[in-house]
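Heads up: the sequence shown runs through residues 1 to 345, numbered per my numbering.
These aren't lab readings, by the way, just hints derived from the structure by calculation.
Please note: incorrect hints may appear among the correct ones.
As the list claims (entries may be wrong) - Pairwise CB distance ranges (calculated): (1) Pro270 / Gln4: 41 to 51 Å; (2) Gln283 / Val43: 41 to 51 Å; (3) Gly120 / Asp345: 45 to 55 Å; (4) Phe260 / Glu281: 46 to 56 Å.
Claimed, not checked - Computed cross-link-like contacts, DSSO-like style, restricted to lysine-lysine with a CA-CA straight-line distance of at most 30 Å: (5) Lys12 / Lys53; (6) Lys84 / Lys329; (7) Lys53 / Lys340; (8) Lys329 / Lys138; (9) Lys292 / Lys251; (10) Lys329 / Lys340; (11) Lys206 / Lys340; (12) Lys12 / Lys65; (13) Lys292 / Lys340; (14) Lys292 / Lys12; (15) Lys138 / Lys292; (16) Lys84 / Lys65; (17) Lys138 / Lys251; (18) Lys53 / Lys65; (19) Lys12 / Lys84.
Positions of the beta carbon are idealized from the N, C-alpha and C atoms, including for glycine.
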Amino acid sequence: MTYQREANTRLKIAVVGVGSHCYRNILPALTYLPVDLTALCDVNEDLVRATAKQYGSCSYYTSTKEMYEREQLDAVLLAVSPFKHPELAIEAFQAGVHVWMEKPAAVRTSEVERMLEQRGDRQAMVGYKKMFMPSTDKVLEVLNSSQFDALNSMLAIYPMAMPANGREVLEQRQFQNWLGNGCHPLSLMLAAGGAVSAVTTHVGSKGHGTVLLDFANGITGNFHLASGPHPIESYHFYGGHWHLEIDNSLKVTLQRGIPFKYGYTTSYIPEGIESGAIVWEPQNCLATLENKALFTQGVYGELRYFCDCLLENRTVERGSLEFTLGLMKVYEAALISEGKTIYLD
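Build the full structure now, drawing on both the sequences and the hints.
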């Protein structure tokens, strides 16, 4: 990690949409990124003026068109809404600017397809922060390690309810929590399992229950739409001789098992350190980076990945529009399933 003021090479960026989420998370994260904040843009002139004043040397605009005409930008960060992201992203592509946008990227899959058609040679990424948590990185490390056998199944537990009128939600382009936050666990599950071939939703009268994902590689995923107070979020990954749990985004437990003979093993703590559980969790004694929410929740990770891809001339793969299209197909299928299996292309 290099602090912004230490970076020798920086990207000239603008931020569009300086509302609550951006102010609390996106703008503070820039301290840890190789960027120069050149401009801010928001339709609320009082808000964007006050925010620009706080950040000193950057300009402010209420029109993205004017901003692109006046500024020489490498990239833009969009933090508006899924109703506006597609047209704003396409406008940026046409201005020759790379795009990072907050999730959700769009309301329908057709809008993601339109962005793909208009992207040209620009880079585009959607900010699925759960994919970039340090805990997710550990999951992917285990899945890609030759020390462990293949993943068989996974379980995600997340506070969510499925809307009862799924087809109406899609036809009327309604914003529901399933669109706004269902993509958090879905993105993590797809990052671990790959492409999804079929989706089946089974929920009760209040919308809680299960979204079953059949992955193309034979893995199964259970997204449990849970109810109740926080902390409630957890993720579980099961192999043949191991399993791994992410609890509350922070605590990661890799269970490797112990040498065991039924009826004869006398100790649950055998000699050596090659078996049993390994646990990682952040310390909260020191005021350092690894325990800050910007880092533990993946906000820094997603933005750093985008910046690195641009600076190193690498193609965005994690959180790409191609990935987003697959995720949006799962989102739509889950809405219309109503207990029936929906097969994806």
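Verification of the hints:
| no. | hint | in the structure |
| --- | --- | --- |
| 1 | Pro270 / Gln4: 41 to 51 Å | holds, 48 Å |
| 2 | Gln283 / Val43: 41 to 51 Å | holds, 42 Å |
| 3 | Gly120 / Asp345: 45 to 55 Å | violated, 24 Å |
| 4 | Phe260 / Glu281: 46 to 56 Å | violated, 26 Å |
| 5 | Lys12 / Lys53 | holds, 18 Å |
| 6 | Lys84 / Lys329 | holds, 19 Å |
| 7 | Lys53 / Lys340 | violated, 54 Å |
| 8 | Lys329 / Lys138 | holds, 27 Å |
| 9 | Lys292 / Lys251 | holds, 14 Å |
| 10 | Lys329 / Lys340 | holds, 15 Å |
| 11 | Lys206 / Lys340 | holds, 18 Å |
| 12 | Lys12 / Lys65 | holds, 17 Å |
| 13 | Lys292 / Lys340 | violated, 42 Å |
| 14 | Lys292 / Lys12 | holds, 25 Å |
| 15 | Lys138 / Lys292 | holds, 18 Å |
| 16 | Lys84 / Lys65 | holds, 14 Å |
| 17 | Lys138 / Lys251 | holds, 11 Å |
| 18 | Lys53 / Lys65 | holds, 21 Å |
| 19 | Lys12 / Lys84 | holds, 23 Å |
Violation of the numbered hints given earlier is confined to hints 3, 4, 7 and 13; the remaining hints are satisfied by the structure.
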